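Undergrad: Letter by letter, the chains look like this.
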Amino acid sequence: MTMRGRVWKFGDNINTDLIMPNVAYEYPPQEQPKFVFSANRPGWSAEVKKGDVLIGGSNFGTGSSRPAAKQLLGLGLAALVAESINGLFLRNCVNYGLPAFSCPGVSALFDEGDTAVIDYVEQAIANEKDNRTLSGSRLPPSLVKLTLSGGIVPLLRQEGFIQ
Amino acid sequence: MGMTMVQKIMARCSGRPQVTVGEIVSCRVDWAVEFDLPFARSHNRPVPLKVWDPSRIALIFDHLVPAPTIVMADGLKVARDFAKAQGIKHFYPEGRHGICHQVIAEMGFALPGGLLACGDSHTSASGAFNCAARGLGAMEMLYILCKGETWFEVCPTIRYVLEGKMPEGVYPRDVIHHVAGVYGEHINQNVEYAGPGLKHLDIAARQTIATMSTELSAEFATFEFDEQTESYLKGRAKEPYSPVYSDKDARFVDVRTIHLDQIEPQIVMPHFVPHNVRAVTEVAGLKIDQAFIGSCANGRIEDLRIAAQILKGRSVHSDCRLIITPASTQVAIHAAREGLIEIFLEAGAVFTNSTCGACNGGHMGLIGAGERCLTSSTRNFRGRMGSKDAEILMASPATVAASAIMGAVTDARTLF
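These protein sequences, in sequence, are chains A and B. Residues in the first sequence are numbered from 1 upward in steps of one, following my numbering. Residues in the second sequence are numbered from 164 upward in steps of one, following my numbering.
For the record, the hints were derived by calculation from the structure and aren't laboratory data. Warning: the hint list may mix true and false statements.
[What the hints assert, rightly or not] Only part of the chain B face toward chain A is listed, based on derived beta-carbon distances under 7 Å: (1) S205; (2) G282; (3) F435.
[As the list claims (entries may be wrong)] Under the rule of at most 25 Å between Cα atoms (straight-line distance), these lysine-lysine pairs were calculated in the DSS-like manner: (4) K49/A with K9/A; (5) K551/B with K9/A; (6) K397/B with K145/A; (7) K551/B with K34/A.
Model, not experiment: these values are computed from the prediction. Ideal Cβ positions, reconstructed from N, Cα and C, are used throughout, including at glycine.
The task is simple: from the sequences and hints, build the whole structure.
TA: In structure tokens:
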């Protein structure tokens, strides 16, 4: 499955509290995404378009178990590729259905505004303008499938555990 | 090939003789512990219609106690209804509550050789008990509540060998800050703590270090079992247990020796943890507006005793406020019995009910724009404890108490 999207770049140590500040908890789920990065990049959440791609630095998603991955999905982001991704955050990406993988060197592959072409199944990413390509660390096929089917909720619903 | 502690637990829980690094394994969990926040409508998480085993699930109220807002009060009601409908056996609502990781310890859910599932990111705290435990997130907990199993990647392990003894005036919190400052993040790596220095680290010390291992972005953080673990669990353990030990020929990515006797009090600077640590002597004198002692990292009775020792007969600086939040109701009871609460109140500190509180900026001690907070809680991310335009520095409860008295970052050793 190939995705193509405009690149937004972020640096190292982007944490869950920047992605989903505590104040967002007081708002209905559909309004929460507007708070994404309001502390470190005010106004950004309004600029994101459906299908855009987030390129992160090292230690992306460090921090809390809060549903931060869901907020990135809520903004319409199609995928996250970072130098390295915190283990808990990566689990949350899978469980909410946001395609994400770590890929050392990915920051240098892009300038902001470039177009990324991503093969999530193969965990590969290319810059459309010069075709430079990198491969990330492989998620097992079962987790790729879980992500692409929308994460935990559809699975449990199908099996009758939740409404 | 030999296995590490965590590999052995994963092998048992997946019904396999051996697991090797790089594999993804499906594991049955021994205990599942849920907390209050995921039931708030902010999470938009469906409530399970049936659960895997109500006798192996605990529900502990911590982040939202007592409810600070209507949204959260509604969420607590959903949680209460869930506990009743499913017959959840181990339920700790208001009055029996505490930060889930501390209640998990006190009630004997975190057991040597066990696999404990909890959604909260600081679940690594239970690694202090030779238990495999890591943060899983609310959505994954939903799956575990329903099915009693989940997946793990078998990650490479770094072994920290602790040698010697911390000098007077140096605390476990300084040890883990030292590790963060020198070695930085540990993404996709398990850490284990062992060595002769363990005998000088009590259970509370191990809980602090295990909790803060989450801030290294580590996967599992697990301590070796010893007679202190055994003694703490006597009369508490929910069931018989079998400790695990790493094999002599287990493979580690690195084995690092930490000389406890060479560590100085450490401060984590704003707004991140890895490689962002300084000696207290380098930061001393920096003015602070708020000081906070609490959280699953450092809100235990041992922490409160240290704070009381420093605060006794002294006063919190007039330009600063000190908030102290016990990690559990049990900790608060001990603090009352030992006369610590009186010392805190006489010094001009605010002593609150047990909750996650100011640590995650939920309630009871938020900080405003332009303010600076020195805290013994878990995180210093921008905006974590309130305004995005505030600064958060982190230190041991001793450093925090001393700094509250002086109104500025202070080396507690100068006040003894």
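Undergrad: Of the hints given before, which are not true for this structure?
TA: Number 6 - this is the single hint that the structure violates.
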